[in-house]
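Please model the entire structure based on the sequences and the hints provided.
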Amino acid sequence: MKSKETRALIVDIIADIAPEIDLTDTTGDEHLQETFGLDSMDFLSILEEIAAKTGVDIPESDYEEVVTLQGMTQYVAKRAP
Amino acid sequence: MPSLGADMVEGTLTSWNVEVGQPVERGDIICEVETNKGDIEVEIWESGVVTELRVEPGQKVPVGEVIALLDTGAEAPEPPTPEPEPETPSDPADRTGERVLASPAARRRAKELGVDLRSLTGTGVDASITRADVEAARKPRISPVAKRIADEQGLNLHEIQGSGPGGTIRRADVEDAAPQKPAPQKPPQPDEEDPLSAMRQAIAIAMARSKREIPHYYLYETVPLYRATEWLRQHNAEQPVGDRLLMGVLFLKAVALACRDVPEMNGFFSNDRFEPRKEIHPGFAIALRQGGVIPPAVHDADQKGLSELMDHLRELTRRVRRGKLRSSEVTDATITITSLGDQGVEAVFGVIYPPQVALVGFGKVTPRFWAHDGLVGTRPAVTVTLAADHRVSDGLTGARFLATISDLLQHPEDL
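So the protein lines, in turn, are chains L and Y. According to the numbering used here, the stretch in the first sequence is residues 111 to 191, in order. According to the numbering used here, the stretch in the second sequence is residues 62 to 476, in order.
FYI, nobody ran anything at the bench for these hints, they're computed from the structure. Predicted model only: the values in this text are computed from it and were never measured. Just so it is clear, CB atoms sit at the ideal spot from N, CA and C, and this is done for glycine as well. Just to be clear, a hint being listed does not mean it is correct.
Residues of chain L placed beyond 12 Å of chain Y at every Cβ, according to the derived structure [what the hints assert, rightly or not]:
#, residue
1, Gly138
2, Ser150
3, Glu175
4, Ala187
5, Pro191
Cβ-to-Cβ under 7 Å is the rule here; a few derived chain L residues that face chain Y [to be verified]:
#, residue
6, Asp149
7, Met151
8, Glu158
9, Glu159
10, Val166
11, Asp167
Okay, here's the thing in structure tokens:
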């Protein structure tokens with residue numbers, strides 16, 4: 111999956127789960143939970159949607175790699191068909 | 062208009078899901094009401110047939126006002142149709158509140174007009190409420206459009222003659238009554254329009270009442286979570302993302318089970334006495350990023366498995382974020398749980414949500430120094446706090462409650 115396409119998909123998923131968060135000016139480096147106030151339930155819901163839409167199921171042991179939008183994009187883009 | 066929480070004084074009916082003549086069953090969603098907690102789907106508490114809808118979509122009415130009539134099939138001695146009691150399950154004080162002094166004629170008229178006697182000031186003997194008081198308080202029937210225009214123009218509804226059925230005030234009546242000159246600009250009222258401000262006001266009402274009326278006492282205990290963390294890690298490693306659990310669900314279940322052992326924490330304080338509840342419906346506080354917090358009830362949490370609770374909590378969180386809760390979820394909570402671990406705080410000392418009598422707080426799960434088998438190491442642990450009502454329980458009972466929660470969390474596989 112292309113990186114740009116993946117990022118757009120993830121931004122859409124976050125917008126659906128946390129509509130009050132504005133990601134338009136994000137650099138992608140911010141910690142999603144700490145900077146935008148996502149709680150662990152939101153975070154899990156995002157991962158669930160990613161798995162449903164791309165087939166990439168991110169295991170708990172890899173959570174450290176997906177704490178930012180950029181990290182999440184790279185992780186998913188690399189593994190999604 | 063049901064009271065959807067101790068903090069609610071009025072609500073705007075946004076839509077009806079039923080029609081006149083339609084049979085309904087207990088638990089059916091009959092309408093949606095816009096409140097300071099978002100749009101709430103209101104469930105009916107009795108089965109019967111809808112005989113009248115008294116409030117039109119768009120109308121804002123105070124708590125306690127009759128919004129519809131329901132024929133429950135009970136044998137009424139004479140017409141009019143028996144009036145359903147406004148349901149206020151969250152605040153039993155309102156249900157059995159003190160008796161209002163009013164003349165029989167005033168009571169009859171109040172019932173006919175759907176006027177809440179408790180909201181009136183009497184002018185009769187011993188300040189009793191007379192029929193004239195009820196008539197004066199009567200809310201004129203008015204169409205939503207006419208109401209909006211009248212509000213914009215600052216018109217007194219009592220001075221407008223309605224030409225519609227039953228004297229209903231229509232748009233034309235309002236326009237006739239409006240002054241010809243442009244209406245004076247109404248000063249902006251951000252408090253009414255701004256939902257965030259409404260939420261803050263709601264919290265202010267409930268929390269001020271809590272601090273005014275409830276003698277809180279506070280306890281805390283540091284609970285080791287080594288076993289719970291390990292169990293959760295193993296469980297989640299084997300599960301696809303949709304079936305993983307959060308530590309918060311273990312906290313929720315542990316509190317629910319502890320309520321069985323220490324019933325003094327689960328119930329309501331009203332009319333100067335404690336009413337313990339058999340049902341255990343913890344309200345799980347969900348923070349709104351735009352400000353405010355809503356603790357919807359997780360019904361019968363003690364009887365649900367962890368996966369079921371997780372699914373339930375996930376769905377509740379979604380609906381809280383979208384402002385789509387059901388009336389029973391905002392009114393039924395028998396105890397509140399707040400978990401601020403995600404925000405990084407170590408401990409949270411809460412304010413009890415009246416008429417409940419206890420609130421359990423969980424902080425962040427962090428590694429702490431821990432002595433075990435004569436050696437000092439680090440172990441994940443959480444600080445669990447209890448704010449409880451001293452009218453109902455004492456520190457000893459509270460301590461037993463916290464100890465029970467702690468014990469339960471040492472056996473996550475049994476939760």
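Hint by hint, here is what the structure shows:
1. Interface exclusion of Gly138/L from chain Y stands, the closest Cβ pair being 20 Å apart, more than 12 Å.
2. Listed as a non-interface residue, Ser150/L fails to keep its Cβ farther than 12 Å from every Cβ of chain Y; the least gap is roughly 5 Å.
3. Annotated as non-interface, Glu175/L keeps its C-beta farther than 12 Å from every C-beta of chain Y; the closest such distance is 14 Å.
4. Non-interface status of Ala187/L relative to chain Y is upheld: no Cβ of that chain comes within 12 Å, the nearest being about 18 Å off.
5. The non-interface label for Pro191/L is consistent with chain Y: the shortest C-beta to C-beta separation is roughly 17 Å, beyond 12 Å.
6. Because the beta carbon of Asp149/L sits about 4 Å from the nearest beta carbon in chain Y, less than 7 Å, this interface hint is met.
7. Contact between Met151/L and chain Y, as hinted, is supported at the beta carbon level, the nearest pair being about 5 Å apart and thus within 7 Å.
8. For Glu158/L, the shortest C-beta to C-beta distance to chain Y is roughly 5 Å, which falls under 7 Å, so the interface hint holds.
9. This hint is violated: Glu159/L has a C-beta 9 Å from the nearest C-beta of chain Y, more than the 7 Å allowed.
10. Interface restraint check: Val166/L against chain Y, minimum CB-CB distance 10 Å, threshold 7 Å, status violated.
11. Satisfaction of the interface hint for Asp167/L is found here, the shortest Cβ-Cβ separation to chain Y being roughly 5 Å, below the 7 Å cut-off.
In summary, the numbered hints that this structure violates are 2, 9 and 10.
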